[in-house]
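Colleague: Residue numbers (the UniProt record's numbering), protein chains in the order written: chain A, 1 to 357; chain B, 1 to 233.
Take these hints with a grain of salt, some might be off.
Said to hold, decoys possible - When the alpha-carbon atoms are kept at most 20 Å apart in a straight line, the in silico EDC-like pairs for lysine to aspartate or glutamate are as follows: (1) K168/A - E84/A; (2) K124/B - E313/A; (3) K352/A - E274/A; (4) K352/A - D284/A; (5) K352/A - D166/A; (6) K124/B - D98/A.
None of these hints come from the bench; they were simulated from the model.
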Amino acid sequence: MSLVVDVRQRLGTFALDAAFTAEGGVTALFGRSGSGKTSLVRIVAGLARPDEGRVVLSGDVLVDTARGVFVPAHRRRFGYVFQEARLFPHMTVRQNLDYGRWFAPKGARAENPACIVDLLGIGDLLKRRPANLSGGEKQRVAIGRALLSAPRLLLMDEPLAALDEDRKAEILPYLERLRDEVGIPIVYVSHSVAEVARIADRVVLMNAGRVETVGPASEVLGGPRLVSAAERREAGSVLSGRVEACDAAHGLATIRLQGGLPLVVPAAGVSAGEAVRLRIPARDVMVATVRPEGLSALNILEGTVEAVEPDGEGMTSLVLSCRGDRIRARITAFSAGRLGLAPGLPVYAVVKTVALE
Amino acid sequence: MDWPTLSDEEWTAIRLSLRVSTVAMLASLPPGILVALALARGRFWGKSLLNGLVHLPLVLPPVVTGFILLVLFGRRGPIGAFLSDWFGIVLSFRWTGAALACAVMGFPLMVRSIRLSIEAVDRKLEEAAGTLGAGPVPVFATVTLPLILPGVLAGMILSFAKAMGEFGATITFVSNIPGETQTLSAAIYTFTQVPGGDAGAMRLTLVAIAISMAALVASEMLAQRIGRKVHLE
Chain A
1 MSLVVDVRQR LGTFALDAAF TAEGGVTALF GRSGSGKTSL VRIVAGLARP DEGRVVLSGD
61 VLVDTARGVF VPAHRRRFGY VFQEARLFPH MTVRQNLDYG RWFAPKGARA ENPACIVDLL
121 GIGDLLKRRP ANLSGGEKQR VAIGRALLSA PRLLLMDEPL AALDEDRKAE ILPYLERLRD
181 EVGIPIVYVS HSVAEVARIA DRVVLMNAGR VETVGPASEV LGGPRLVSAA ERREAGSVLS
241 GRVEACDAAH GLATIRLQGG LPLVVPAAGV SAGEAVRLRI PARDVMVATV RPEGLSALNI
301 LEGTVEAVEP DGEGMTSLVL SCRGDRIRAR ITAFSAGRLG LAPGLPVYAV VKTVALE
Chain B
1 MDWPTLSDEE WTAIRLSLRV STVAMLASLP PGILVALALA RGRFWGKSLL NGLVHLPLVL
61 PPVVTGFILL VLFGRRGPIG AFLSDWFGIV LSFRWTGAAL ACAVMGFPLM VRSIRLSIEA
121 VDRKLEEAAG TLGAGPVPVF ATVTLPLILP GVLAGMILSF AKAMGEFGAT ITFVSNIPGE
181 TQTLSAAIYT FTQVPGGDAG AMRLTLVAIA ISMAALVASE MLAQRIGRKV HLE
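Turn these sequences into a full structure, and let the hints steer you where they fit.
Modeller: Spelled out as structure tokens, the structure:
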């Protein structure tokens, strides 16, 4: 499957001019609010018409303004999860879930509805009405409803933005299972670095209606390319590794990164041998030129400075290479100067926090 | 005074009124929904003209509306002649004509009620239904219609009530023929015009009150049941 989007649209003073392609897995459209992510994904869904451009899914032309082609939303078979759940209030949860199946072509019906209901943990809600569900439950039902319509592509427009932190934490694991088990390509719209780092394989970074960068999540979320100051404060490294050992007594796990470095991470519920993703916020990495001693930090990694980039607001963004794994650090420009940090200099990275995604 | 017993003529008037009102209400429902949809959602030339036309019976004196109907739908009127020549349908001085007069008089009330409820429907839900594969007609049938049902019901009740009470347009268009076009209101009016008719007028008045109350209570209960389903969110 490959989704090719190349569209232009004017909305008042805002101009959208964006092109990207998405392969399987999760592609995130990432950028601050007002950058045109939602306008773009609505065009992909067929809920809005571009002034000009093309949308093609695996050779199936859905929009081509040059040839006057526009396939309406209900013939595209793209699942859409909105920011608000948009469940039908006059139907039960079960009827909501079944809604898309009425219209899906016979050959394309989701093979095992019970599996999706289980995966989203909504089996106990089937007889209830949307009004009696919590925000997180509603959103899970909305995701299930979109999946059960047997979509060729799943579009998720800030599905967690309307939820509080607890509800987000409740749904994120389901989204990860979705990515790993269902196998439908997903376009995921979000302005949250943490969400995108956790879910996305590839990131399309948008700014002011244009695509700024496209690349693997670990690169785009790294730092200087992020547009706003708020995003840069949230920037960090995304690393993958494998659980090597678990220390249940202390609630810690040792993760061996791809390059061979071990990291000790507070972790519950992982087992040895499991593949995991880690996120290290750049602001939580300190840099020392000599090996520090007597620190509470568990992870002190040896590496070399690979790049030093000014990052605005008196900050400097560093890329440290630690046996091949790139870790980003964000320190003040003053400290960078005082330590004389320059590419090639051997340093120690003190990692204060590591989030196991 | 033996008021609990009604004469055959009075029964006829009551039955006729119920039949005329029911037919008027049901016949104006499909066009009522279509016009309400057009006014709530449509963007077309002449929209305010259509709006004015629909509301005209509400502001015109009923006698004027009745006279216009007589001119248009009378045997020699342009529409009336066409209907009787091609389809053998005659409306003037028939109970069907009374139903037409009642439908026209109740139409603005029905359209207003349905239009308001259509405007209150969250179009985001219709959009969501579209992304799930439902075309415009299924979306209307499965999402919009169930959500506007309380408004449709209220519109039907208003139309029915208007028809039960309609007098001016009906008597002008189809006259006051016992057994054919003499509705409850016309029968009461007739009683008041003859000496000693007061008792008959009172009997029919009590019947009219009873029917109106029953219709109101029934609609209230129905609306509540539907409303519980629809307006929880």
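Colleague: Confirm or reject each hint.
Modeller: For each hint, the structure was consulted:
no.	hint	verdict
1	K168/A - E84/A	13 Å, holds
2	K124/B - E313/A	41 Å, violated
3	K352/A - E274/A	23 Å, violated
4	K352/A - D284/A	5 Å, holds
5	K352/A - D166/A	23 Å, violated
6	K124/B - D98/A	19 Å, holds
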